[in-house]
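> Listed below, chain by chain, are the residues.
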Amino acid sequence: MAEPVKTKSENLSFLTGKGEMHRLTRLKNWSATSIGTPDHWPQSLRTTLSIILNSKFPMFLWWGPELLCFYNDAYRPSLGKTGKHPDILGMPAKEAWPEIWDIIQPLIKQVLDGGEATWSEDQLIPIYRNGKLEDVYWTFSYSPVNDESGNVSGVLVTCNETTQKVLIQKTVEKNEKKFRDMVLQAPVGILILKGPEYIADVVNEKYLQLIDRDEKLFIGKPLFESLPEVKEVVEPLLNNVFKTGISFNGTEFPVMINRHGKKEQTYFNFIYKALLEDDGAISGVIVIANEVTSLVQAKHSLMESELHFRMMLMQSPIPMTIFRGPDFIIELANTEMLTKIWRKQASEVIGKSALEVFPELNQQKYPELLRSTLESGKPHRDIESVVYVQGNDGIKKFYLDYEYAPLIEPNGKASGIMITVNDVSEKVETRKKIEESEERLSMAIESTKLGTWDYHPNSGKLKWSDECRNIYALPENVEINFALFSKLIYAEDYDFVQEEVNKAMDPSGNGEYDIVYRILRYDDRSIRWIRSQGQVYFDTDKKPERFIGTVVDITDQKKAEEEIARVAAIVQSSDDAIISKTLDGIVTSWNTASERMFGYTAEEMIGQPITKIIPPDRISEEFDILQRIRSGERVNHFETKRMTKDKRLLDISITVSPVKDKHGKILGASKIARDVTERKKAQQALQESELRLRIATEGTKLATWDLNLQTLELLHSPRLAEIFGQDQSKMLSLRQLRTQVHADEIVHVEKAFATAMKSSEQFFEVRIIKPDKEIRWIKTKGKVIYDEKRLPLRMIGTMMDISEEKNVIQSLEESKQRLSIAVGAAALGTWELDFVTNNVIYSKRYLEVLGFAENEQPGHAEILKRIHPDDLELRNQSMTEALKMGALELEVRIILEDKDIRWIKLAGRVLYNEKKEAVRILGTVMDITEQKKAYNLLRESEERFRQLANSMPQQVWTSDTKGNLNYFNQSVYDYSGLTKKEVESLGWLSIVHPDDREENVQKWMEAIASGEDFLLEHRFKKHNGEFRWQLSRAIPIKDASGNIQLWVGTSTDIHDIKEAEEQKDFFISVASHELKTPITSIKGYVQILMRMHEQSEDKFLKNSLRTVDKQIVTLTTLIEDLLDLSKIKSGSLQLNKEEFSINAMIRESVEEISHIQPDYKINFVASDECMVFADRGRIGQVLINFLTNAIKYSPASKTINIENKVYSNFVTVSVADKGIGINKKDQDKIFQRFYRVEGQDEKTFPGFGIGLFIASEIIKRHSGKIGVESELSKGSVFYFSLPLNNLSNE
Amino acid sequence: MNKTGKAHVLIVDDNEDILFMLKTMLQLKDYSVTIKESAENIEAFIQELMPDLILMDMLLSGIDGTDVCRNLKQDPTVAAIPIVMISALPQAGEKCLKAGANFFIGKPFEMNDFLNVVATALIKTPA
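In the order they appear, the protein sequences are chains A and D.
All residue numbers in the first sequence are consecutive under the working numbering, ending with 1499.
All residue numbers in the second sequence are consecutive under the working numbering, ending with 145.
It should be emphasised that the hints constitute simulated quantities derived from the structure, not laboratory data.
For every residue, glycine included, the Cβ atom is placed at its ideal position computed from N, Cα and C.
Do not rely on the hints blindly, as some may be mistaken.
Once the Cα atoms are required to be at most 20 Å apart in a straight line, the calculated DMTMM-like pairs of lysine to aspartate or glutamate come out as [to be verified]:
(1) A/LYS670 x A/GLU688
(2) A/LYS1338 x A/ASP1265
(3) A/LYS1370 x A/GLU1357
(4) D/LYS113 x A/ASP1384
(5) A/LYS1311 x D/GLU128
(6) A/LYS1319 x D/ASP131
(7) D/LYS113 x A/GLU1283
Computed Cβ-Cβ distance ranges for the label pairs, DEER-style [unchecked claim]:
(8) D/ASN130 x A/SER1406: 25 to 35 Å
(9) D/GLN45 x A/SER1406: 40 to 50 Å
(10) D/THR138 x A/HIS1364: 17 to 27 Å
Generate the whole structure from the sequences, applying the supplied hints.
Right, dumping it as structure tokens:
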């Protein structure tokens, strides 16, 4: 490019300069433009350009009609780095600024037209620069440039790009908007106050809500105009912030606000923060307010409740305390706790660690419990816990119910424990005492074997104690009720008991109940004697409300009584000498045995001193014996020697007992002299030791006493008062004791005292009467203590209640008396006949026996008239004989006035005078009618039995309880051809077939031992040598108490029946075998035919063959069953046991049945697999039998379910069908031989009914179980079970 | 096996019907069958015939099949031939097996069972 400008340099000074635009304008080829080269430019342009190019202010100029563009260096950056610069220099405006031409053209026109300058500030005028259209903000002015002629020739643009400023401003605005938005949306109340008057500038909704004000009325107004009520409190704070710029934080600040139509106490958390301007000046205050009223209120109420809680705790009547922290610092403890439990002052414990205050707790479980409560935060409760606490008054044991309640902090952790304690020591101790005493009572009851019962007549409820149940042998699980109680009464006593019960419950009576009767024990129905005592309590309506009492088993007592009677009988029938004598030793009775033993007759001895038979060197013995008898003692089998009439010395053992009247007064002694065999010695020793034991056990209850003989003041142990039935704490006087002594005994007491004064020793046994009228025997022994002048000072002694001992002794004495004298006197009438005068003297009983009235005085003749005419001869003969022999014994009948015939037994002894003439006869009479009757009855019944037995074709026999056969009827002799003697000598076993004897004896002994019926088939030898089968059966005959009395047996000839049976079984066995060969043949051919015609189209043929095949299976089964039956009968059913899987066996059977009965669906649920040891074929047979039955009896349902289960060593296989079912009554029977359920439906089904019998036999032989559960028309479940534990046992 | 490759079975039974029936069953299965109606000279007969299997009733008119069986099993020349015995008598099975029979079939029986036993006997005791 040429540089034309250079040529006119002097004229173009306005273009000189260093700037870029200077240079560019200078170098620009202007010749092509409408204004031509610079040298042609008007001055106005030159001047303007000079200003522009030299100005540091951005300037632009459009010039001329084309508005050619000029600009300076300062403007240049606005054009960007690439784009318009430098191309637009000298370019017409329209071409240079096409993008903004629309914006600037009106402005330019405005300037060109009116000559008015324009001003635009921060105007967005996007321009194309830096390769793109950029948003550029401008502040600019268009001003007219006049040419020399005064016309506007150009437009000067002075401009400043304000893009950056505008953008910054925009960001600021945006931030402020953001801030306001934030304020407005903030969840806390925010208020911005401007200026010292605190004009509300910005406020958010939250704040308005807090103060309940309307925004319109609030914004732009001084704060305290809107909220005058807060001025007083808030203004100083605001002022402070406003002045100092220091923020104010107010927490839970109380403010009264008028809102929601009322004045409210509110609480706020405030932040007042100075609002700073850019220059750091404070222009206002930002208020951030958060209302915490409800929180504060909650806090207040919490504080209040805590206060209440503490007050409650302190005032609680229950001991309470609070431990804080892991050291269990005692924070507080109420008075109850301090005084009752801790027994310490508050100052000693509060603020201290509990474990330090109570170190004894460390040895107990409590520290650990406290710790775990604190750690786990879970409360701990304990009742009746034992705790030892060291108080100021020592260690004390408490029973406490306590609770540890953790005090949970807001963080969920326990910071302490509140302890409440309830002292239950007294309650527990009382209860323990009651328990103890109850225990003692129950022990006492137990030891006496006393049962108790409690009957509520209204509800009918009856309760029995365990012992009561024991007595009745009533198991725990059996409920007792009145009906059962009644049922357990022995039949004979039933009416009596019911009567007594009714009597007791009769409101008009006193409700007392005390009876002795027999019961049947629940378990074995054995008979027991019991004594039951009770009392009925009536309610206010006089209705029986409760009936309580005790029961005690007195069977042994009863037995003992019987035993005594038995012993008496033995003694009576023995050869013992029985003698009675007075306390002075004068013989009063002398029995025949004595006569035999000593050689003296009764006459010679009665009225004589006993010393007559005592050897002279032993006379002193008798004094000792008498002394002991007088004091109530007895002399037991005293071994000594006595002398007979012919001066022989006898080695004898004597027993001497005091004989007392019914008041216990000793009248004399009875003496038994006997040959003491070893057995009797032992028996007696046993009796003695028993007695000794009883005395010893009672003897421990010794009382002691001390009597001042001068003042008669008595001191004694509590036991003495107890013996006398008085309060043990009482001290009784001698006078008091005397009032309780039985009137009859006072003399003994006095005698004993008198003796004591002489001998210094006192001893007596007397009866006393207790306040409850019970009479007891006491024994006391005393010793006198003398002073130095030998004057009696005191007497000390012991006392014992010997009632039990006395009773025992008495009962023994009574039995002795019965056997020596009493029995005869009481039961016998006595008589005396004077042979000379024929006068008869007789006792009351005598008259009674002979049927005379008490006031009658029949003479001898009249008495004789009573004798049955048929027996008169006998009487006379006997009397004649008695006169010779000296003794009479006679049983005759008498006829009473009312024609009643009675049997009497007369006995007598003839007395002779010195001339040996019979003078008198003394005798007894006894009514023996009942005995005779009983005897006759017995004889008759025995006779009847014999006749009956003999008339029976069966062999009848009886045996004693030990199994010795003692009677055989005529049939036995007829059959065996043996005589009675032969049977007795050879023994009945000789009749039994030798092969059967062992089993016979064994079975018989088993029956005898167990008391169960005897049943046996065995062969007896007939008189012709033939052995025939007999069915023998024996049953035990029991008495009323259930004791076996004898066995009655029969043997029935079953030989022919048995033979027939055997033949039948043999026939069945052979026949069924013979049947098998033709069946095999038929079956074989049918199956061949089926095979051959498998492909045939002939359906009839195929069906027929299948039917035949099926029927053959049925036939085969029947034959097998018949064979099995005969095997079972003959006992030859063999089991071939092996171990096999029950499931496999079931599957095979199912397959087999499915093959024959494809219509039926047989489901098998194989649950428990197990191996059994059994006969696989036989078990399969059982299952097949079940299945065929299920099919046979389920015509409608085609589903059968098989299940197997293992349970407790057994595997059970069940087959369930939905068939016709079986009636309950038939269910037991279907396993019997030839039994088949009957009914309309059942009859239509075929079958022998022996299958189940065989199945049952097979299962029995495997020690298994078989059964059925069924309901008519619902179906049946047949099952069998096999034991699992006998795997390879056999 | 004989020349035809069929197993050769000898049936000994004195009951003609059974004999024919067994024969038919075996022929259905393509066995080659020889029958004999009595136990007369049975041992010599077998030594001569040397069948692959002997099928024999336990009761053969007056002769106890178990005796025959025992003798055959003691004869080394024929002991290897399997013997299947048949009977209707109870407890016959045990008796036959004791006498040395390889198999026993009780009467009556299913054809299939019978044929299975024969087939098994032939496999179990290869000649």
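> Provide an ascending list of the numbers of those earlier hints which the structure does not satisfy.
none
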